[in-house]
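All the letters of the sequence shown, read from the start, carry residue numbers 29 to 422 under the working numbering.
Certain hints may be false.
[Claimed, not checked] Here are the simulated DSSO-like cross-link-like pairs (lysine-lysine), alpha carbons at most 27 Å apart as the crow flies: (1) K226 x K258; (2) K152 x K406; (3) K258 x K246; (4) K406 x K189; (5) K321 x K123; (6) K321 x K189; (7) K321 x K152; (8) K403 x K246; (9) K328 x K149; (10) K226 x K189; (11) K321 x K149; (12) K123 x K356; (13) K149 x K356; (14) K189 x K367; (15) K328 x K152; (16) K255 x K226; (17) K390 x K406; (18) K406 x K328; (19) K406 x K321; (20) K189 x K356; (21) K390 x K403; (22) K123 x K149; (23) K356 x K372; (24) K359 x K123; (25) K390 x K246; (26) K367 x K356; (27) K372 x K359; (28) K189 x K123; (29) K259 x K246; (30) K390 x K372; (31) K226 x K246; (32) K152 x K123; (33) K123 x K328; (34) K359 x K152; (35) K403 x K321.
Please keep in mind that the hints were generated in silico from the structure rather than gathered at the bench.
Values in this document were obtained by computation on a predicted structure and should not be read as measured data.
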Amino acid sequence: MEYARIPEPAYRQGVRAAVRLSAGRRRTTEQADHGAGGPRGRGIVAAGQAAALPGGARRVERTRRMRRGFATLAGLALLAAACGGDGGGGTPTIKMGWGVPAEEIKYVMMATPQVAPNLGKCYKVDWQQFAGTAPGVQGLAAGTLDGATVGGLSVANGLDKGADIVITGEFIEERRSHFSTAYMVPESIASPADLRGKTLSTVAAGASTDYIQNHYLKARAGLEPGKDYKKVEVPFGQVVEGIQAGRFVFGTFPQPFYSQLTAAGGYRPLFRVVDVIDPFVQLLQGFRGEYVKDNPEAVKCFMDDFAAVSRYVADPANRDAVVAASSKATKIPADVLEKFLLTKDDFYRPAGGTISVAAVQKQWDFFHEQGAFSKSLKVRDHLVNVSITDGTRG
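Just need the whole structure built from these sequences, with the hints factored in.
Right, dumping it as structure tokens:
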């Protein structure tokens with residue numbers, strides 16, 4: 029699919045006009061830099077000439093100078109407006125949603141902004157933290173956010189409801205070659221059939237991992253929630269304590285909660301996300317479509333930095349700095365992160381933050397079949413020319 033070219037930003041036109049104005053003023057200055065017409069001498073002569081004029085003439089001269097001053101201010105105001113930004117005055121600020129965990133690109137940008145060469149130059153960021161990806165999608169739909177981290181399912185739900193969201197990059201996905209979210213049970217549970225009559229947990233009803241566990245348990249053991257077992261919602265932060273306390277016998281464990289539980293012993297994976305969908309794209313970068321149209325250069329600069337910081341995160345030489353940035357953002361102790369972050373026991377991070385288009389399309393088709401949303405969505409319809417893709421087509 030071909031995408032329309034982003035029109036040249038208005039601020040570039042303004043910059044060219046400013047360069048022409050500056051060049052003209054520079055030539056005038058160069059001419060005035062010699063003899064009695066030098067910069068300071070010329071000003072003294074002009075002042076003397078004005079003082080020698082009759083009162084009415086002096087008023088005319090002051091009026092002319094004021095008009096020239098207003099013209100200069102007006103030109104500067106037009107240039108500033110052309111540069112975009114808050115209220116048309118300055119560098120555009122992106123209201124950006126983020127969350128925990130696994131958004132190392134953003135954690136590094138927040139902790140070490142100099143790693144993102146365009147940050148502060150052609151865009152600024154107002155970082156806003158959210159608990160989960162659904163609130164970020166809602167913020168984009170409502171116009172209270174310009175960009176946000178979105179989940180593969182949460183963004184599809186937003187698009188299904190008519191939200192104007194485009195996908196521009198990817199943070200993580202699950203593959204068999206790397207870590208995949210595990211559905212953990214006590215070692216006494218031998219098969220899915222043993223869960224009949226038990227209490228199971230889910231991070232949230234209607235979440236992507238919830239649809240996956242429902243599908244797997246029904247396909248493998250004919251079990252349905254509410255009929256064959258009780259299901260309770262438990263946030264990730266409480267899932268380790270809850271299963272160890274015996275409040276439920278089944279839970280969803282991404283990193284670092286998986287490592288925390290396995291270190292204690294007595295539990296094992298019953299199945300993993302990739303047993304249902306492989307690969308499975310977890311987190312994407314989304315933008316409000318209207319914001320991209322209104323601020324194309326700022327979004328391009330951000331996505332250039334997104335790719336650059338993704339490469340920085342992947343470089344083993346920077347691992348200590350990435351662990352520190354992640355610990356600062358997530359409040360997870362660095363010694364815990366060091367055990368798995370950016371290893372084979374961590375999520376797969378695509379090179380340069382590229383979107384695995386075919387993988388996203390595959391899971392959208394799966395969730396549509398499961399009744400998660402009503403429309404048949406095509407990933408390619410929600411990409412723009414600044415989207416970083418792997419070249420595949422959904």
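Exercise for the section: Compare the structure with the hints numbered earlier in the document and write down the numbers of the violated ones, lowest to highest. Expected result: Of the numbered hints, 2, 10, 14 and 20 do not hold.
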